[in-house]
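Enquirer: Using the sequences and the hints given, assemble the complete structure.
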Amino acid sequence: MSTRIIPRPLDVERINASGPWKMVYGRRKTGKSFMIKNFTSYDRFFFVNKDSTVLDEGTLENYTWSSFFAAFKELLGNKRVVIDEFHRLPQEFLDFLHASGVKGELVLITSTLWLAAKILGSGAPLVGLVSPLCIGLIDETDMLKYMHKEAKSKEAVEAAVYLREPSVIPQFNGGNVVDFISNYLLENRFFIRNLIGEIFSEEEKSLTNIYEGILKAVAEGKRTSTEMSSYLFSRSIVDKDSPSMMPKIPRYIGKTWEYWKRRKGIQQE
-7 MSTRIIPRPL DVERINASGP WKMVYGRRKT GKSFMIKNFT SYDRFFFVNK
43 DSTVLDEGTL ENYTWSSFFA AFKELLGNKR VVIDEFHRLP QEFLDFLHAS
93 GVKGELVLIT STLWLAAKIL GSGAPLVGLV SPLCIGLIDE TDMLKYMHKE
143 AKSKEAVEAA VYLREPSVIP QFNGGNVVDF ISNYLLENRF FIRNLIGEIF
193 SEEEKSLTNI YEGILKAVAE GKRTSTEMSS YLFSRSIVDK DSPSMMPKIP
243 RYIGKTWEYW KRRKGIQQE
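So in the numbering used here the end of the sequence shown lands on 261, straight run, no missing numbers.
Where hints are given, some of them may not hold.
[What the hints assert, rightly or not] Calculated lysine to aspartate or glutamate pairs in the EDC-like style (CA-CA distance at most 16 Å, straight line): (1) 29 <-> 5; (2) 214 <-> 204; (3) 29 <-> 77; (4) 137 <-> 147; (5) 208 <-> 219; (6) 146 <-> 132; (7) 65 <-> 48.
[Unchecked claim] Cβ pair distances, simulated, as ranges: (8) 177 <-> 44: 32 to 40 Å; (9) 126 <-> 30: 15 to 23 Å; (10) 20 <-> 201: 20 to 28 Å; (11) 179 <-> 235: 29 to 37 Å; (12) 162 <-> 58: 45 to 53 Å; (13) 234 <-> 54: 51 to 59 Å.
Worth flagging that the hints you see were computed from the coordinates, not collected in a lab. Glycine included, every Cβ here is placed at the ideal spot set by N, Cα and C.
Expert: And the structure:
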């Protein structure tokens, strides 16, 4: 299996052009950490474990919170520092950043979207200090520039659409990309469900049967409250076919729902 590294110059340019303190955020598995490690400059890269211990990825030394905090105070303003999953650190860390003000270069990375919104909300410690940078799927332009080197025009365009998901790229070994995606989704269906569950856990939610059912309904083209309610009922996910339970749908499927409401003129029952 060949190893592909997609440069992502458009995203890297955004990062490099932003302020000295940056907060890079987005859902899991979009390549945020990989991009910062491989395409930007830094002196120290730290990863915060779930127990709030901190790994120095350069030396592989593991710090307790207190020992890391002491070291960080010395580094800030003198070194370019990256902290991945910084949201796992105690509130004291954010308070310190607020009190110290912008000095030196700092990159904070998080996969927790609700916390990113909270940190950037009115009155939050980092408001006005960090440049927020949302990293999503690989830009189609970057993907097309890369894929045209090894595929004909039609295949390159298809690849630029389907391979924007970074976690898929290492598995693609050439050939028909549509067939590859079909097989990938079938073979990795349990991984994909676990990934969605992980994302929900990071957002302090649970991937319930109803959540999963709504996601599948959207994937199968269901757009109205009535269609979704019938879909869930037909699969014994809900006890009764009741469109009135659907007002919570926007919270579940967000932009997809809003997009289709605007496009189709859908009124939520």
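Enquirer: Now tell me, hint by hint, if it's right for this structure.
Expert: Going through the hints against the structure:
Pair hint residue 29 plus residue 5 holds up; C-alpha atoms about 14 Å apart against a cutoff of 16 Å. Our distance criterion of 16 Å between C-alpha atoms is met by residue 214 and residue 204, whose separation comes to about 14 Å. Between residue 29 and residue 77 the alpha-carbon distance is near 14 Å, which keeps this suggested pair within the 16 Å criterion. Of the pairs offered as hints, the one joining residue 137 and residue 147 holds, with about 12 Å between alpha carbons and a cut-off of 16 Å not exceeded.
Between the alpha carbons of residue 208 and residue 219 the distance comes to roughly 12 Å, so the proposed pair stays at or under 16 Å and holds. Taking the CA atoms of residue 146 and residue 132, the gap is about 14 Å. The hint holds against a cut of 16 Å. A C-alpha spacing of about 15 Å is found between residue 65 and residue 48, which places the hinted pair at or below 16 Å, so the restraint holds. One distance hint, 32 to 40 Å for the beta-carbon pair residue 177 and residue 44, holds here, with the actual separation near 36 Å.
Evaluation of the 15 to 23 Å hint for residue 126 and residue 30 yields a pass: the beta carbon distance comes to about 19 Å. For residue 20 paired with residue 201, a C-beta distance near 22 Å keeps the hint of 20 to 28 Å intact. Under the hint 29 to 37 Å, the C-beta atoms of residue 179 and residue 235, about 35 Å apart, fit the expected range. Judged by the Cβ atoms, the range 45 to 53 Å given for residue 162 and residue 58 is violated: they are separated by roughly 38 Å.
The supplied range of 51 to 59 Å is met by residue 234 and residue 54, whose beta-carbon atoms lie about 52 Å from each other.
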